[in-house]
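Undergrad: The residues making up each chain are set out below.
Protein chains: 2
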Amino acid sequence: MESLYRRIVVAVDPDDEVGLYTLKQLAERFCERGSHLKLGLPFVLEYGVRGVREMFSVCGDHGSMVILDLKMADIGAIMRMIASKFRGAASAVIAHAFVGYNSGLRDLKEALDEWGVKLVLVASMSHPGSREVLDHCMERIFEVIDRTRPWGVVAPATRPTVVASVKARFPYVRILSPGVGAQGAKPGDAICSGADYEIVGRYITKSPEPVKALDRVVEELKRRCGG
Amino acid sequence: MESLYRRIVVAVDPDDEVGLYTLKQLAERFCERGSHLKLGLPFVLEYGVRGVREMFSVCGDHGSMVILDLKMADIGAIMRMIASKFRGAASAVIAHAFVGYNSGLRDLKEALDEWGVKLVLVASMSHPGSREVLDHCMERIFEVIDRTRPWGVVAPATRPTVVASVKARFPYVRILSPGVGAQGAKPGDAICSGADYEIVGRYITKSPEPVKALDRVVEELKRRCGG
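Residue numbers (the working numbering), protein chains in the order written: chain A, 1058 to 1284; chain B, 1058 to 1284.
Keep in mind the hints are simulated off the structure, nothing from the lab. Please note: incorrect hints may appear among the correct ones.
The list cannot tell twin chains apart, which means a pair is met if one copy fits it or any two copies do.
[What the hints assert, rightly or not] Capping the alpha-carbon separation at 30 Å, the derived lysine-lysine pairs in DSSO-like fashion look like this:
#1 Lys1142 with Lys1081
#2 Lys1142 with Lys1175
#3 Lys1142 with Lys1279
#4 Lys1243 with Lys1269
Throw the hints in and build the complete structure from the sequences for me.
TA: Take a look at the structure:
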């Protein structure tokens, strides 16, 4: 079942009650099982670039990724400046495809390639608001993804048809799907539709027994999509 | 001419060579003339939330704004969590309109209203890549702006027709226009087209004499759009 742990990315938010030291211990238990971490801007604001680097040091030893989820959406020069702070502290960074390629994602991609960091682009999001604009611009967003050739794409587990259409269009790309657990999708919803990774946050991290919650997610995944 | 200084927002990036103390001194000189500051994620990563708070303390005394430009583009719960870190440290925060209203900007707007912080939404960007997706989704982005009713909207000085169309559609909203200086627009390009604020970065901050560069921008503004 080891391989199915490799399909889970645990989204870790800062936690005032436990602090970074305890979060690192928890992260190590996720990563020694083979799972990966996603750290967002709230984590960075609380623990700094150094906090991200410490998590990376813990999880890198287990061959696990630390995915930096800043959902960058700026001009290329600024995204590159931001990403440069995390060299040696993250395996992958997430940016929005909708900012476009020219003087945008091209600059970021070139820098990340040079630094050996993976790029993940957001195609669509897991909340209802993404139906208001993003979903209507999907074809143009796909064109940007096509030009940028990222390592991975984010597509929401809450909408398996979006996952399937990303998979059909970009068979070479890894699909990362948020929305499993607290946001309503069930373990397997995305992976059964072709996603490579499911991102699970509060369902695991806010559980009284987070490691057991991760085990439950993997068992459910195995039951639904096979192992 | 004091009032024209009030129309300029200086985008301050971190500067390895001078450090926060010198940046604060410089910021005070911009703000005592009446201009405002825009601080982005590179600044936050370098100097932390505390650095933003110190700039706010310096400029707030002069009635100037500190606009926090994280270009947030996440689900509502995360944007609210991020913004909460800057309560009492910023006058306004910038988020992307394209993330949508439901479970997105609504959550952020409600929190900011409660905290007395202004919301600024990005309608379009100043780089060529924004023609690839954003410009084609303008009508739906305008609908999100209409529902969210932000204090301000970002529209690029490099494309005065976009500024004019935002102005026509949202006469009640303040328009903030980046792209003046290093990115090619000239002082006045946006304000003459109806913008309320022009955002100037490197042209001022990388000048050997930044305060004189600000003075030159304001003189040029006066010459072109009247004072």
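Undergrad: If a hint holds in the structure, say so; if it doesn't, say that too.
TA: Going down the list of hints, with the structure as the test:
Both within a single protomer and between protomers do Lys1142 and Lys1081 lie at most 30 Å apart by alpha-carbon distance, with minima of 20 Å and 22 Å respectively. In this homomeric assembly, Lys1142 and Lys1175 come within 30 Å of each other (Cα to Cα) both inside a single copy, at 15 Å, and across copies, at 28 Å. When the C-alpha separation of Lys1142 and Lys1279 is checked against a cutoff of 30 Å, the pair qualifies neither within a copy, at 38 Å, nor between copies, at 39 Å. Proximity of Lys1243 and Lys1269 under a CA criterion of 30 Å is satisfied intra-copy only: 16 Å inside one chain copy versus 59 Å between copies.
The structure fails hint 3 only (numbered hints given earlier).
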